[in-house]
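Turn these sequences into a full structure, and let the hints guide you.
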Amino acid sequence: MRLLESTALQIKQKILSKQIRVVELVGQAFARIKAVDPTIQSFISLNEESALKQAREIDEKIDHNEKVGLLAGIPVAVKDNLCTRGLSTTCASQILKNFVPPYDAYVVKRLKEEDAIIIGKTNLDEFAMGSSTENSSFQITRNPWNVACVPGGSSGGSAAAVAANLTPMSLGSDTGGSVRQPAALCGIVGLKPTYGRVSRYGLIAFGSSLDQVGTMTKDVSDASLLLQVIAGKDSKDSTSVQTPVPDYLQGIDNNIQGLRIGIPKEYLTEGMHADVHKALKDALRIYEKLGAKIIDVTLPHTEYAVAVYYIVANAEASSNLSRYDGVRYGIRSTNAKGVIDMYCRTRAEGFGNEVKRRIMLGNYALSSGYYDAYYLKASRVRNLIKKDFDAAFEKVDCIIGPTSPVPAFKIGERANNPLEMYLSDIYTIPANLAGIPGISIPCGFSKDGLPIGLQILTKHFEEKQLLHVAYSFERETDYHLKRAVI
Amino acid sequence: MKYEVVIGLETHSELATATKLFCGCSTKFGADPNTQVCPVCLAMPGVLPVMNKKAFEYAMKSAAALCCKIDNYTNFDRKSYYYPDLPKNYQISQNYHNLGVDGFMDIEVKGTVKRIRIHNVHLEEEAGKLIHPEETGADYSLVDFNRAGVPLLEIVSYPDMRTVDEVESYMQTLRKMLLYTEISDCKMQEGSLRFEASISLRLKGVETLGNRVEIKNLNSMKFVIKAIEYEATRQAELLDRGETIDRETRLWDEINEKSVRMRSKEEAQDYRYFPEPDLLPVLIDEKWLSTIKSSIPELPFARKQRFVSEFKLSDYDANLLIEDKVLADFFEECVRGLNRPKILCNWITNDLLREAKERKLEIGQLKVKPAQLVSLVEIVEKGTISSTTAKEVFIEMIQTGKDPQKIVEEKGLIQISDEGLIGSVIDKIISGNPGVIDDYKKGKKNALTFLVGQVMKETKGKANPKMVNELLKGKLDV
Amino acid sequence: MKISKKDIRYVAHLSRIALSDNEEELFVHQLSDILSYIEKLNQLNTDNVDPLVYTTNTFNVFREDALEKPLAIEDAQYCAPSTMGAFFKVPKVIE
Ligand SMILES: [Mg+2]
Ligand SMILES: [Zn+2]
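Protein chains in written order, with our numbering: chain A, 1 to 486; chain B, 487 to 964; chain C, 965 to 1059.
It is possible that part of the hints are untrue.
Said to hold, decoys possible - Here are the simulated lysine-lysine pairs, DSS-like style, with alpha carbons at most 25 Å apart: (1) Lys662(B) with Lys702(B); (2) Lys112(A) with Lys464(A); (3) Lys337(A) with Lys1053(C); (4) Lys67(A) with Lys14(A); (5) Lys1004(C) with Lys265(A); (6) Lys387(A) with Lys1004(C); (7) Lys1053(C) with Lys615(B); (8) Lys1056(C) with Lys702(B); (9) Lys12(A) with Lys464(A); (10) Lys970(C) with Lys337(A); (11) Lys662(B) with Lys596(B); (12) Lys615(B) with Lys708(B); (13) Lys1056(C) with Lys337(A); (14) Lys662(B) with Lys855(B); (15) Lys97(A) with Lys1053(C); (16) Lys514(B) with Lys1033(C); (17) Lys1056(C) with Lys615(B); (18) Lys600(B) with Lys798(B); (19) Lys1033(C) with Lys540(B); (20) Lys1004(C) with Lys386(A); (21) Lys233(A) with Lys540(B); (22) Lys615(B) with Lys337(A); (23) Lys109(A) with Lys1033(C); (24) Lys828(B) with Lys853(B); (25) Lys233(A) with Lys539(B); (26) Lys744(B) with Lys1056(C); (27) Lys615(B) with Lys1033(C); (28) Lys1033(C) with Lys233(A); (29) Lys112(A) with Lys1033(C); (30) Lys514(B) with Lys1053(C); (31) Lys1033(C) with Lys539(B).
These are calculated hints, taken from the structure and not from any lab test.
From a predicted model like this one, the values you see are computed outputs, not experimental measurements.
Here you go:
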């Protein structure tokens, strides 16, 4: 297997045993990006100069047998809604196209502390609003398995960069499935931690009560490693929690004899693609063979999740995005009369249609006379959705289902019907509403050769078990070893 | 007037913390523009607020001091409106679960006590400062975000006030409470205490409230009173003409002394309050609340009443003392050292206050300490120095901070109480002033005063005046 | 729920987004569709259900009142569209 097709742990082994030099690795990564990314379009910006400089520094540390971090020399791509000090951070929006943060996101700081090499910033749906990465105001990212297809979204750039072997790992963000769904569509592993497990400081907010930074890797061990680095309490994020961070890799290969796996009947809907359904059934058979018990559970309010999500996420977004006003940073419309006109034109010019639609929807749901009927109602139903999970987890250790009802769809196919696009997030949204962790792992391919993802969910802060369950499947299969040919 | 004026006040007070509500930037007043800012208070993308514990506890303290109900649960809400001095274009405030609700504060107007109900007390963040250039034709405004994010306490009264005297007393009482609890420095000139008034009129005897007008930009208590008087007259005239009052916000124009309609607020506000997801809720248990409550000092109103009953001071004296917590504390410390409340009160309200005022100093900045004032009074009472000398010694104490005994010794000011010594001086004066002695014997009373003066002069003011008087009389009346 | 052009104009103004006539038309339809879909929430009786906002069951997170270093003025203004001296400059604000 070529170097860049390897996992981060494999590469790290080679680096620490001095079989390769980090400078060489990083050079190869940029060479491949330059060859492949004009087709895939996964990066918005590259960090070549300082990446190479940092690579030399880490090589030097290794030469001198100095202590190095957990991600020593590993290239990591970062979604462009995570702030990077001194490095352009755009959120794939015109309104932030010239924004350079004077601070690092907490997760970026952690990557640096563990000697990872940030190679560039990846494409996304503008402000992470979308499920296809077609809503970027700069470029459309393509799926490495079939460049006519979307990579999913909104972390489509981070998913495609890993799937196209441009980087072994990347960071994404997940508000309603934005890590797990593109991971599924690109045939990689995507992990959304429990809300509060990873600091949101420096993650440009979309839906503050739902957003989490997530990992995108080639296999479950790499996901464990990357989570190990980014998890933990951060004093700059009040919603990040003190709960201790366990060693995620320790015991990951224990057997799962007696594990209780819940299958929610509500996830077996008509909308599910036949190939996805087959892959799910195959996966359950493997788990049974490994000694797990498959138990039917019910999550009765699943059908309301999308409606709740579009109120809650967009209400929060309408407020989070009001700071883009052309006063302190970002673009400003040049032909405005007075300050109100300046706001209205700046935001009309700076935001794309999807963002405008969601801001307006959110403001509508919060506006005088509608708050109770929309926002408050949605918040109550959100509680019912969480209680569904609480009840299910009394009976089972984890819940398994498909990540996305369909494999990757064609670019442009769904662009004109926002509602249909929203409905494709039906399986991923509930975890964000309840705050629980979820992972998507490769579990097969469609007849057209497109990857299919299996989603596993566990209780709050049970990432260790989540990774354990995922790993036991991965060990029995070779879907995660398949690489897109590009 | 046939109308009753109904007045409610909304008070904003900046809390006396070192740092802002959600970030570690300084709250110090008067710094160069945009030098006390960071990514958080500039609302840069991706940043998050973290609550200042001291600010939260100050807000608890004030809610408790205003006798509010404090629920064991509270959280924060976002209040959305666009304004260039509001970095996030929403203010983190409270709406659905205010920290304190349904409290009250007693005020006194002309000897009568009235209870003003408090609707709610909540914590929120301050906005930045907008500067409108003076130059004519300037088509721009400038923004300084140094104040943005400073912790702000909002206290909303019920419309329970009916006269400007009540409003005046409410403002003063509230100000004193904030100073006593050390929650705010209440510097109106620095904007750390601000009022907004809502005023409506109704025919006397009518229950229902009229449409209220809110008045902003009231930069001093004097303007609050003027604006209320102006607005009451304006509304009365409109009603007399059969017109209706618009529910609106007006600005006080202090130069022309009138209220003007606020142009930017013509549209109805739709603040879209919803729970702030970036800050977790706060649970307040009994133990925490009682710790906070026990940190509240005796408040001015209660203290005044105690000074009257415990120390037998007049209402007037007690009011003077409680005006400033430091002054009242000074007084009480003195009384603890020497149980002579009236004498100590006189020294404090006359001499100490006068000297502080002359030197433009706060009481706390004066060099005289309570124990020293006590010593001064004691040595007067013991007869070591005369009360005339004491005044002189006091000035010296103010200037140098020295103990009175030391000053008396250094300057040789000890009073002469030696009968023989005083007697020999008197003899000398009597023999030197035969004419005056004649006058005295003819019954001219001020002749005695003159003679006493002469004795005092001869002894450089050190003779015990009481003894001089008695001895002199004794010798003359023989 | 069908919303009107007036509603769209109101909410666009609340959102401080200028819309062209065509955009108004587009968003009236799209938002109406989405809101109709959201009406399915009314099938549920939620009278006895508390709203859920905070999922982590954690409370009372505070920081101490301790000073931290402010941003240098160059960093504060680095991305600003318009400044004058140390100030941020905006079109004239009328009160
Ligand atoms: Mg307020
Ligand atoms: Zn700050």
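Hint by hint, here is what the structure shows:
1. Lys662(B) with Lys702(B): holds (22 Å)
2. Lys112(A) with Lys464(A): holds (24 Å)
3. Lys337(A) with Lys1053(C): Holds - the C-alpha atoms of Lys1053(C) and Lys337(A) are around 14 Å apart, at most 25 Å.
4. Lys67(A) with Lys14(A): holds (16 Å)
5. Lys1004(C) with Lys265(A): holds (20 Å)
6. Lys387(A) with Lys1004(C): Status holds; Cα separation ~19 Å.
7. Lys1053(C) with Lys615(B): Status holds; Cα separation ~12 Å.
8. Lys1056(C) with Lys702(B): holds (20 Å)
9. Lys12(A) with Lys464(A): holds (22 Å)
10. Lys970(C) with Lys337(A): OK: Lys970(C) and Lys337(A) at ~23 Å, within 25 Å.
11. Lys662(B) with Lys596(B): Status holds; Cα separation ~18 Å.
12. Lys615(B) with Lys708(B): holds (23 Å)
13. Lys1056(C) with Lys337(A): holds (9 Å)
14. Lys662(B) with Lys855(B): Distance ~23 Å between Lys662(B) and Lys855(B) Cα, so the pair holds.
15. Lys97(A) with Lys1053(C): holds (20 Å)
16. Lys514(B) with Lys1033(C): Holds, at roughly 14 Å.
17. Lys1056(C) with Lys615(B): holds (14 Å)
18. Lys600(B) with Lys798(B): Roughly 24 Å separates the two Cα atoms, so the pair holds.
19. Lys1033(C) with Lys540(B): Judged against 25 Å, a Cα distance of about 19 Å means the pair holds.
20. Lys1004(C) with Lys386(A): Since the Cα atoms of Lys1004(C) and Lys386(A) sit roughly 18 Å apart, the hinted pair holds (cutoff 25 Å).
21. Lys233(A) with Lys540(B): holds (22 Å)
22. Lys615(B) with Lys337(A): It holds: about 21 Å lies between the C-alpha atoms, which stays within 25 Å.
23. Lys109(A) with Lys1033(C): Judged against 25 Å, a Cα distance of about 18 Å means the pair holds.
24. Lys828(B) with Lys853(B): holds (22 Å)
25. Lys233(A) with Lys539(B): holds (18 Å)
26. Lys744(B) with Lys1056(C): holds (24 Å)
27. Lys615(B) with Lys1033(C): holds (21 Å)
28. Lys1033(C) with Lys233(A): Holds - the C-alpha atoms of Lys233(A) and Lys1033(C) are around 22 Å apart, at most 25 Å.
29. Lys112(A) with Lys1033(C): At roughly 22 Å apart (the allowed maximum being 25 Å), Lys1033(C) and Lys112(A) satisfy the hint.
30. Lys514(B) with Lys1053(C): At roughly 23 Å apart (the allowed maximum being 25 Å), Lys1053(C) and Lys514(B) satisfy the hint.
31. Lys1033(C) with Lys539(B): holds (19 Å)
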